[in-house]
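A.B. asks: Using the sequences plus the hints, can you model the full thing?
Number of protein chains: 4
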Amino acid sequence: MPIHFGGGKFDPTFIITQKATGISISYETSRQSLENFLPEGFELIEPRVSVAYNMFTEINWMHGGAYNVVDISVPVRFHGKKDQLEGMYPLVTWENQTAPILGGREQTGIPKIYADIEDLRVQRPHYIGAASSRGNTFLSLSFEETKELTGKELEAARAQHKSYNVFGWRWIPKVGGPGADLDQFIVYPQGLDLDHAFDGKGSLQWIEQTPMQYGHMHFIVNQLAAIPIKKFVSAILYNGGSRLNSVGSRVLK
Amino acid sequence: MPIHFGGGKFDPTFIITQKATGISISYETSRQSLENFLPEGFELIEPRVSVAYNMFTEINWMHGGAYNVVDISVPVRFHGKKDQLEGMYPLVTWENQTAPILGGREQTGIPKIYADIEDLRVQRPHYIGAASSRGNTFLSLSFEETKELTGKELEAARAQHKSYNVFGWRWIPKVGGPGADLDQFIVYPQGLDLDHAFDGKGSLQWIEQTPMQYGHMHFIVNQLAAIPIKKFVSAILYNGGSRLNSVGSRVLK
Amino acid sequence: MPIHFGGGKFDPTFIITQKATGISISYETSRQSLENFLPEGFELIEPRVSVAYNMFTEINWMHGGAYNVVDISVPVRFHGKKDQLEGMYPLVTWENQTAPILGGREQTGIPKIYADIEDLRVQRPHYIGAASSRGNTFLSLSFEETKELTGKELEAARAQHKSYNVFGWRWIPKVGGPGADLDQFIVYPQGLDLDHAFDGKGSLQWIEQTPMQYGHMHFIVNQLAAIPIKKFVSAILYNGGSRLNSVGSRVLK
Amino acid sequence: MPIHFGGGKFDPTFIITQKATGISISYETSRQSLENFLPEGFELIEPRVSVAYNMFTEINWMHGGAYNVVDISVPVRFHGKKDQLEGMYPLVTWENQTAPILGGREQTGIPKIYADIEDLRVQRPHYIGAASSRGNTFLSLSFEETKELTGKELEAARAQHKSYNVFGWRWIPKVGGPGADLDQFIVYPQGLDLDHAFDGKGSLQWIEQTPMQYGHMHFIVNQLAAIPIKKFVSAILYNGGSRLNSVGSRVLK
Chain V
1 MPIHFGGGKF
11 DPTFIITQKA
21 TGISISYETS
31 RQSLENFLPE
41 GFELIEPRVS
51 VAYNMFTEIN
61 WMHGGAYNVV
71 DISVPVRFHG
81 KKDQLEGMYP
91 LVTWENQTAP
101 ILGGREQTGI
111 PKIYADIEDL
121 RVQRPHYIGA
131 ASSRGNTFLS
141 LSFEETKELT
151 GKELEAARAQ
161 HKSYNVFGWR
171 WIPKVGGPGA
181 DLDQFIVYPQ
191 GLDLDHAFDG
201 KGSLQWIEQT
211 PMQYGHMHFI
221 VNQLAAIPIK
231 KFVSAILYNG
241 GSRLNSVGSR
251 VLK
Chain U
1001 MPIHFGGGKF
1011 DPTFIITQKA
1021 TGISISYETS
1031 RQSLENFLPE
1041 GFELIEPRVS
1051 VAYNMFTEIN
1061 WMHGGAYNVV
1071 DISVPVRFHG
1081 KKDQLEGMYP
1091 LVTWENQTAP
1101 ILGGREQTGI
1111 PKIYADIEDL
1121 RVQRPHYIGA
1131 ASSRGNTFLS
1141 LSFEETKELT
1151 GKELEAARAQ
1161 HKSYNVFGWR
1171 WIPKVGGPGA
1181 DLDQFIVYPQ
1191 GLDLDHAFDG
1201 KGSLQWIEQT
1211 PMQYGHMHFI
1221 VNQLAAIPIK
1231 KFVSAILYNG
1241 GSRLNSVGSR
1251 VLK
Chain E
2001 MPIHFGGGKF
2011 DPTFIITQKA
2021 TGISISYETS
2031 RQSLENFLPE
2041 GFELIEPRVS
2051 VAYNMFTEIN
2061 WMHGGAYNVV
2071 DISVPVRFHG
2081 KKDQLEGMYP
2091 LVTWENQTAP
2101 ILGGREQTGI
2111 PKIYADIEDL
2121 RVQRPHYIGA
2131 ASSRGNTFLS
2141 LSFEETKELT
2151 GKELEAARAQ
2161 HKSYNVFGWR
2171 WIPKVGGPGA
2181 DLDQFIVYPQ
2191 GLDLDHAFDG
2201 KGSLQWIEQT
2211 PMQYGHMHFI
2221 VNQLAAIPIK
2231 KFVSAILYNG
2241 GSRLNSVGSR
2251 VLK
Chain H
3001 MPIHFGGGKF
3011 DPTFIITQKA
3021 TGISISYETS
3031 RQSLENFLPE
3041 GFELIEPRVS
3051 VAYNMFTEIN
3061 WMHGGAYNVV
3071 DISVPVRFHG
3081 KKDQLEGMYP
3091 LVTWENQTAP
3101 ILGGREQTGI
3111 PKIYADIEDL
3121 RVQRPHYIGA
3131 ASSRGNTFLS
3141 LSFEETKELT
3151 GKELEAARAQ
3161 HKSYNVFGWR
3171 WIPKVGGPGA
3181 DLDQFIVYPQ
3191 GLDLDHAFDG
3201 KGSLQWIEQT
3211 PMQYGHMHFI
3221 VNQLAAIPIK
3231 KFVSAILYNG
3241 GSRLNSVGSR
3251 VLK
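Chains as they are written, first to last, in the working numbering: chain V, 1 to 253; chain U, 1001 to 1253; chain E, 2001 to 2253; chain H, 3001 to 3253.
Hint data in this document are derived by calculation from the structure and do not stem from the laboratory. You can trust all of the hints, since none of them are fake.
Over the 10 Å line for every Cβ pair with chain V, so calculated as not near, a few chain U residues: (1) T1029; (2) D1193; (3) H1196.
Pairwise CB distance ranges (calculated): (4) E/G2191 / H/F3232: 48 to 58 Å; (5) V/S33 / E/P2211: 31 to 41 Å; (6) V/D193 / H/S3234: 33 to 43 Å; (7) H/G3007 / E/V2233: 23 to 33 Å; (8) H/T3146 / V/K9: 28 to 38 Å; (9) E/G2080 / H/F3232: 52 to 62 Å; (10) V/S33 / E/K2174: 52 to 62 Å; (11) U/T1210 / E/G2191: 42 to 52 Å; (12) U/E1046 / V/K174: 31 to 41 Å; (13) V/G241 / H/K3147: 22 to 32 Å; (14) V/K9 / H/G3241: 41 to 51 Å; (15) E/D2183 / H/K3147: 46 to 56 Å; (16) H/G3241 / E/Q2184: 32 to 42 Å; (17) H/F3232 / U/G1007: 52 to 62 Å.
Since the structure is predicted, the reported quantities are computational estimates derived from the model, not experimental observations. Built from N, CA and C at the ideal position, the CB exists for glycine as well.
C.D. replies: And the structure:
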């Protein structure tokens, strides 16, 4: 939308390409605190939250544009009537540009919403990130680079990021009444080609928000802040290229 | 989306309220240049483009948030199988906050997209506005206040803004293929309670954009810039309260 | 600077005018915690910190521009060789536009620095404000309107804001060495013509910052955060017009 | 300022370090159009305007901060009583962060003012930049990469950027009257260590501004826009490290 201008035709051969620099931090939590969020059909593989803080640049479909992302996902297995798949289930994906939010929601059901997301601030070996809503920080993240990955370790990191599934829940409400006109699960294959990767120590902090501070979706931050952080289990910094095969996505069965 | 947090329940009694300060400028153009954009079922009432530049504040559903809007609409009559209605058909509605864009698109099919929209700059009796994408101005607008409306003139302006229909075209694509999963026209009744209104002289200028300047929807600006401005026919500045009965919207038949 | 373009001539008749909407909250603290900041010649009148959160609009010298301010001041008496004056001594004045920061520093020695300062968010009777640096909130402020001032109370508030002195310490460093080329105290008479004023309950919270979060002046936030808040003593919301007689400022003797 | 917090001590050993990615485009103009801007003592070496569009990141004194710059300079020779020096005389230096503007103006007289300056948008081999004021674009810049410099060409580019003088005119007004309390020329030695450099085709466009669009310094843009662009003479893209020896600056004699 708007479609009366005639743009945005479907092109089955189109692959999104972009450069990516990001930090991924994961932490262990309780099984119950995550299962509460999972719709029927999704099984939690392990009680782990992955926070990926990415800066995307040189994005082809944006004609050279750029945006930042903070994605909060959990590892799941989908049990459908036909499909049996593993992948990441995003609880929420904040982005600091509207255009990719619209595409992600309407085409693939990724739960994207807006936040101000700072470019990573770099004072080697230290990195910090911050996500905020109208001047109110709700997530602070820090990373300390300890070792560049090489050889087999780099190969392992590359293999892990090369290809994975992301699951979306596309839900478009009825007009003027409760319930949905569209309600479906979607798989969206993605991949990241790592050039460099660094191990490190990562941590993050959620900051609870009042309705007036964050706005109408404050409960999302507060529910995430209520998930206990038992232990940070991994932290990695990387850069490389990202490929998103948005037309390779399909409705799950 | 995301809906696994359990927020955003449908409430049939909810009325959006907000304060509004805006400038509305309309210009005459050729019939053909507008009819190109209208989907079947919509008849152009007159070859006129209305540009409404609004600042909304104290928005209840945003818990006190604010945003700016530039809406480009044309007056139409809808001829459905059952519905025969007059109203405004928005060609595009730019807003500078993502949250109302998402609601407007997914709930009522209003063709909202993002732009940076400055607060009106005021040096009485002069006002200017500017809309831009990534630092590239695509619309400049200016207004010179000439006379406050009072008595019957104010009553007429109030009557004109009190209640009107806005038509949306909700179009949600299929996943992984051409065509749509949802494709419907919606009527969204809106209204503005004017407190003060001022006549004035208005003008505006479209600035064509390259793909790299504006981004992937540059063609929207350029198609609007190609619509000839034959004559500015009215310009008004107003402030007041706005009521949007989003749950009063319905699919047209 | 730059002055080779020939702009910005001194005009002794020029008065800055602007509209103002603001919240002023003051709190009691220890005498020692404030006296540490005062240069010789300034005596603390009472151990009170005034935080003024202002939105200025329709600014004449900015040709209709606008900006927001968070000013942190303490009440002082200046004892000079000739001058004996009472007024407010700003510890720091954050503003969200650079142009007034430059003028304030270079012309009158007001300790202005930059911060992102949100427009007040209004959900009557509640108001909140936030100041942040690169996505990191360092000051949160809230206000609840309890009563509009009328009659004698309004007159008292008007009298209090009508005219007051602000003291600046203009300090311009030597080039390539320690010490200053200019080091002087300045008095800058200001005034606010209140239209409406409201009593209320106010509070605020300082949030300590790391160097990477705030940047090189993080110590300012942290020193302010270390000042104990013993008791909030007043909170007022107002709107009106502001007059700043910048050419009426003079070096103190 | 503010200095009562005790920060910002002079450190003679401090060297600013940062990463830089930039585009430099120069054009030939008429001698007269540039000589108008030069204060007495400065001789124009050739009638050439250099526009440098830089993105600085990982800045040490900003604890990992970043900012963008658009600098407009001309090549000059300074004839003082003692000093005879060649270097670049900046007509204006726009930056998108206030902190470096304050330091540059007050410590070294560089004519820095604020603008919104976009990150370079990259769709190889194309790059664009834009500078704007309150949503009003005043400078558009584009570059097309044609050839990476290697061997002797790269060595030549490196030698040219390795070390050069920048001249500032520090002018601090009197308080409450015409004229200056400080009025002096300063030389500030700077250098850029190029890692990679690319030749290309560059162009740029100035867009005239009304006072309400740009604000009180609109005349700067308009005077620059009035300088004729006879011919673009060079365009280069580079990245590398930048060293600014701010304590190596000194007053010219």
